[in-house]
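Enquirer: For the protein sequence lines, the chains are A and B, in the order given. Using the working numbering, you'd call the opening residue of the first sequence number 845 and step up by one each time. Using the working numbering, you'd call the opening residue of the second sequence number 9 and step up by one each time.
Read the hints as simulated data drawn from the structure, not as lab findings. Even glycine gets a Cβ: it sits at the ideal position worked out from N, Cα and C. Honestly, I wouldn't trust all of these hints.
[Claimed, not checked] Cβ-Cβ distance ranges computed for the label pairs, FRET-style:
{"#": "1", "chain 1": "B", "residue 1": "G161", "chain 2": "A", "residue 2": "A901", "range": "48 to 54 Å"}
{"#": "2", "chain 1": "A", "residue 1": "L1050", "chain 2": "B", "residue 2": "L25", "range": "57 to 63 Å"}
{"#": "3", "chain 1": "B", "residue 1": "L148", "chain 2": "A", "residue 2": "P871", "range": "39 to 45 Å"}
{"#": "4", "chain 1": "B", "residue 1": "F13", "chain 2": "A", "residue 2": "I891", "range": "39 to 45 Å"}
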Amino acid sequence: MIERLDQIFVILKHWLLGYLPESWQTPVGVILSVVCIIGLYPALFAITTVLERKGVARIQNRLGPNRVGPYGILQPMADGIKSLTKEDIVPTTADGVVHFLAPVVLVVVVFMGFAVLPMGRNMVLVDMDAGLLFYFAMGASAELSVFMAGWSSRNKYSLLGAMRAVAQMISYEIALLLSSVVIVMITGSLSLVKIVEAQNHYTWGLPHWFIFTPWGLAGFLMYAIAGTAETNRSPFDLPEGESELVAGYHTEYSGFKFALFFLGEYVAMFSISGLGSTLFLGGWTAPLEVLQFIPSWIWFFGKLFLSMGVFIWMRGTLPRLRQDQLMNFAWKFVLPMCLLNLFAAGLWHFMGAGWLRWVVCSAILILAYVSIGREGMRRKNLGPRSYRYAE
Amino acid sequence: MGFVFYLISTFTVGGALAAVLLKNLVHAALALTVAFFGLALLFLRLDAQFAGFAQILVYVGAVAILVVFAILLTRGSELPKEGVFSKTWLVGLAIAAGVFALLAWAVLQAAPWLPQEKAAPTVTVNDIGNALMSRYVLPLEIVAVLLTAALLGAVIVAMHEKERSR
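Extracted from the complex, chain A is given alone in its bound form (with noise of 0.2 Å):
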């Protein structure tokens, strides 16, 4: 009963293909599982707007949109029918054919991410040797939308913001690749599915998920400022600063291609929480052994939502990053941790299992996390804090 309610997703699709005949099986297969895709990730994008505006606005002490339905829960239906209703306004001397094709880029590009994430057990869409190099190959190509999109509005702002995007999504893509380098290195393999098998082992009850080991712990911090950054989301969100940029990137969007950008930017943002808790989390096992009743893709997507809940957290809590400060803090501080945890994971492997790898790890990346962050510090005065009031 358990492990039928476990694979119920994949009991479904087996009893919906039974009735074709033998050749058609596979193409169908595939078809149906990338319309549950692409069905259920703008339903959950739907879903996250809400919570955003009403966290966001219940962290800065207001309500969030309550006029739509009883608790502001019917906001998305409004928000679409705007976006499909509004004038699409494409300026006179704007590049027609890339303006057009930049939100394309993007979503097709994010969407592709999906193919190799794996929401349960038994339930990956293609499962590649080489998956995670394919995840990365996919969110580089997303930095090249970004770039079309601000230059094709000839748009001085747009241009401005697009370099800013493209700098940093380029700087904070490095981070992300050696923090996910630590994983293939432990695991030994390239595949998704066979990193989260190797976290499926419990000892004393406690699962085998890296993020509870020290290169592990340092390696998920790094790749989640990473993934904040490739996704420009606060506290990186300089590029579509509005105080800053008017919108940055997409000022010359509006109707739909606007929503397609902010559903490119909410869908990356959904598949790079999905890969930092395959990765670092343990995709779809359960925390304790005992909890292993509960069905794995109910874990995938209760952790997806708990990064979801971390984005949204920190978008209302903290100040935007300048850029210089965003650039600085990719090349002098994440990079060398990063390069670091590649040293104390492969120091962790060879030293054997027992206490001692413990010690020394975890003394490795306190001590560079310690002195790199002091020396970054070092030649800025900062003094007490001064007030000047209005006379």
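Assemble the complex: chain A is given as a structure, and chain B must be docked to it using the hints.
Expert: Same frame as chain A, now just chain B:
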């Protein structure tokens, strides 16, 4: 070979031709990106997963961005006054045809020496990693030194400009 190969190669050759023939420089750069994607799809068709995804990651994710940044930061996006085609295009065509003929002759000469295998050998990322660390470690280190030199050169050029502008 089949229908999929012809589709992918039409895509690739179309993108490459557009990259050469288009007047707008950014359009040409984007068409070149399409050609890179087509090459990656050809790699994937031959079951070379690592090569295909590394092609996308490096070419589309880094080289294409580099090309468009170079266009942005110089005044390259304005149309040149004298048109984009060179006056000596016939000589250029002749030289390109000569190089192509030489390469084709070299490849076709080597073809009988290849082992006649029915199934393509599957190369996993594991094998590539082992080979890079054991047999090809010297080229790996040389590439690393080259990249470090390029990085240092970029920093020196940028720093020098900053001092001069002060």
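Enquirer: Now tell me if each hint is right for this structure.
Expert: Hints and how they fare:
1. About 50 Å separates the C-beta atoms of G161(B) and A901(A), a value consistent with the hinted range of 48 to 54 Å.
2. Take L1050(A) and L25(B): their Cβ atoms lie about 59 Å apart, and the range 57 to 63 Å holds.
3. A C-beta distance of roughly 41 Å is found between L148(B) and P871(A), which places it inside the suggested range of 39 to 45 Å.
4. For the hinted restraint 39 to 45 Å between F13(B) and I891(A), the CB-CB distance of approximately 43 Å keeps it satisfied.
The structure meets every hint from the earlier list without exception.
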